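Participant: Take a look at the letters that make up each chain.
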Amino acid sequence: MHTSVALLLELGVILAVLSVLGTLARRFALSPIPLYLLAGLSLGEGGIAPVPAAGEFVQIGASIGVVLLLLALGLEFSITEFTASLRRHVPSAAVDLVLNAVPGAVAGWLLGLDAVGVLALAGATYISSSGIIARLLGDLRRLGNRETPAVLSVLVLEDFAMAAYLPLLAVLASGGTWWQAALGVLVAVGAVLAAFIASYRWGHHLGRLLSHPDSEQLMLRVLGMTLIVAALAEFVHVSAAIGAFLVGLALTGEIADRARAVLTPLRDLFAAAFFLAIGLSVSPEELLPLLPAAFALAAVTAVTKLVTGRYAASRDGVGRRGRLRAGTALIARGEFSIVIIGLLGAQYDKLGPLVAAYVFVLAVAGPLITRLTGAPPSRAPLRERADATG
Amino acid sequence: MDVNEVLLPGVGLRYEFTNHEGDRVGVVARRTGEFELIVYADDDPDEGRPMLRLNSEEADTLAEILGAPRIAERFADLTKEVPGLSAGQVEVRAGTPYADRPLGHTRARSRTGASIVAIVRGEDVIASPAPDQVLRAGDVLVVIGTRDGIAGVEQIIQG
Numbered sequence: 001m002h003t004s005v006a007l008l009l010e011l012g013v014i015l016a017v018l019s020v021l022g023t024l025a026r027r028f029a030l031s032p033i034p035l036y037l038l039a040g041l042s043l044g045e046g047g048i049a050p051v052p053a054a055g056e057f058v059q060i061g062a063s064i065g066v067v068l069l070l071l072a073l074g075l076e077f078s079i080t081e082f083t084a085s086l087r088r089h090v091p092s093a094a095v096d097l098v099l100n101a102v103p104g105a106v107a108g109w110l111l112g113l114d115a116v117g118v119l120a121l122a123g124a125t126y127i128s129s130s131g132i133i134a135r136l137l138g139d140l141r142r143l144g145n146r147e148t149p150a151v152l153s154v155l156v157l158e159d160f161a162m163a164a165y166l167p168l169l170a171v172l173a174s175g176g177t178w179w180q181a182a183l184g185v186l187v188a189v190g191a192v193l194a195a196f197i198a199s200y201r202w203g204h205h206l207g208r209l210l211s212h213p214d215s216e217q218l219m220l221r222v223l224g225m226t227l228i229v230a231a232l233a234e235f236v237h238v239s240a241a242i243g244a245f246l247v248g249l250a251l252t253g254e255i256a257d258r259a260r261a262v263l264t265p266l267r268d269l270f271a272a273a274f275f276l277a278i279g280l281s282v283s284p285e286e287l288l289p290l291l292p293a294a295f296a297l298a299a300v301t302a303v304t305k306l307v308t309g310r311y312a313a314s315r316d317g318v319g320r321r322g323r324l325r326a327g328t329a330l331i332a333r334g335e336f337s338i339v340i341i342g343l344l345g346a347q348y349d350k351l352g353p354l355v356a357a358y359v360f361v362l363a364v365a366g367p368l369i370t371r372l373t374g375a376p377p378s379r380a381p382l383r384e385r386a387d388a389t390g
Numbered sequence: 001m002d003v004n005e006v007l008l009p010g011v012g013l014r015y016e017f018t019n020h021e022g023d024r025v026g027v028v029a030r031r032t033g034e035f036e037l038i039v040y041a042d043d044d045p046d047e048g049r050p051m052l053r054l055n056s057e058e059a060d061t062l063a064e065i066l067g068a069p070r071i072a073e074r075f076a077d078l079t080k081e082v083p084g085l086s087a088g089q090v091e092v093r094a095g096t097p098y099a100d101r102p103l104g105h106t107r108a109r110s111r112t113g114a115s116i117v118a119i120v121r122g123e124d125v126i127a128s129p130a131p132d133q134v135l136r137a138g139d140v141l142v143v144i145g146t147r148d149g150i151a152g153v154e155q156i157i158q159g
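In the order they appear, the protein sequences are chains A and B. Position 112 of the first sequence, counting from 1, maps to 112 under UniProt numbering, and the rest follow consecutively. Position 68 of the second sequence, counting from 1, maps to 68 under UniProt numbering, and the rest follow consecutively.
Derived by calculation from the structure, the hints in this document are not laboratory data.
Covered by chain B, per the in silico footprint, the following chain A stretches (three or more residues, Cβ under 8 Å):
| no. | region |
| --- | --- |
| 1 | 78-92 |
| 2 | 137-149 |
| 3 | 315-322 |
Beta-carbon label-pair distances, calculated as ranges:
| no. | chain 1 | residue 1 | chain 2 | residue 2 | range |
| --- | --- | --- | --- | --- | --- |
| 4 | B | D42 | A | V307 | 26 to 32 Å |
| 5 | B | R31 | A | A194 | 21 to 27 Å |
| 6 | A | V5 | B | R31 | 38 to 44 Å |
| 7 | B | A151 | A | T83 | 48 to 54 Å |
| 8 | B | E91 | A | L372 | 57 to 63 Å |
| 9 | B | D60 | A | T80 | 23 to 29 Å |
| 10 | B | G95 | A | V90 | 54 to 60 Å |
| 11 | B | R31 | A | A182 | 32 to 38 Å |
| 12 | B | Q89 | A | A194 | 47 to 53 Å |
| 13 | A | V90 | B | E5 | 17 to 23 Å |
| 14 | B | D60 | A | L193 | 36 to 42 Å |
| 15 | B | E91 | A | A29 | 50 to 56 Å |
| 16 | A | L372 | B | D2 | 35 to 41 Å |
Note that this is a predicted model, so its numbers are computed, not measured. Cβ coordinates follow ideal geometry from the N, Cα and C atoms, glycine included.
Make a model of the complete structure from these sequences and hints.
Facilitator: See the structure below:
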């Protein structure tokens, strides 16, 4: 076997740099995603270091990264949580969709994109980053707050909306007509429902088929099955991502927990490759003229998410400060805005740089804003109480 | 006692209750097995004051300290390691001669060699009960001893 020194070296250096960036981001309780994008942007042709050997691996890793991101999303999903969110927060989801998709669509129209481009940009501004936000709420110790279930419910409903949105976009982007796209959505929604029912009634059979006490075996089986289903989904033009999402939905209970545990490191690696690849595909010359548009869009959709979060929290009877916390928490956009752009081909040369810059701004600004709006929690509540009562 | 369960989609569950002093207490159980304890402030019921975070091992330890059923479980583990020794539970039924009488009156240890190491009373556990501890109907005694010894204690308590 021939070992490519250049590949190993480039990849090793890239991973080391990503690790430093990730540590830096975590130090300030930020998501590493914007820094990964920046790293990708600074590499490649015209960047500080061309990486011809590792570039190919990053591209392949990126397509696996999308699959694993969606698989993890499906594994997170539980039918009880979904129905509970649905019961309380359908109006919040509607407000969310209208307020946040419309600015993206209008911006796409102003930039002169075609219908598919408009749809893609609307999706990118609509979907908040459930990964960044769930982690942020934990880090800021807000899981106990009353507004948190409303925030998480909005995120669950957004993630579920992706199940209909991604195949629609995938079919249209691959040159299908509107009726083909509608068929694709029907197939995907039907498959999601089938996966739900299957996991509900026969989930333990599927679990038994894939389950194995050895974690290595478990990883190989779940990963293998996911990639096969993803390939089939891609073959019928409903996007590999949706196939992986379905596998994640169909796995429930103990096997889902174990699969999450064994696949998380893999997902982190390949998702990093995916963000790098998106950064790599953007050239600085294309990016600069689109920066004002990205900033303006970020400012507008930060405000619309704020309104969305305040509305959702008010439905749960949360007070003024809690509503503000909920609104600011939802601002962060991240992995799924990037996934949406990843679905589109190279013909949308404006969209890649625009959304990369947009996500960069909001993935940094969102967590910072919500951190500033929440008062720092007091650390010595017991002693204070004793003084007050004694 | 009323315990509120709140779903935290994608994260886990939150349990909430009010204790006898009127403090609103929250327990966040994350899917990953970690726990977070929160007390809600009087001036802003929406915002929790985070008290502590526990990983799953620490949470197990805390639950063992607080939880009655877990004590019996631990004794069961203990007796696995000592051959010939086992743990049992003996219920004090209504109408037995020793209900409402001190534990010492049963003279259980001197008659059977088995020790009564704890009394489970409803939600509470009285660990290492003294001989003057009064038994009540409905109590469950946790007994450590030989198999015969435990059967002996059962006979004494049932009268």
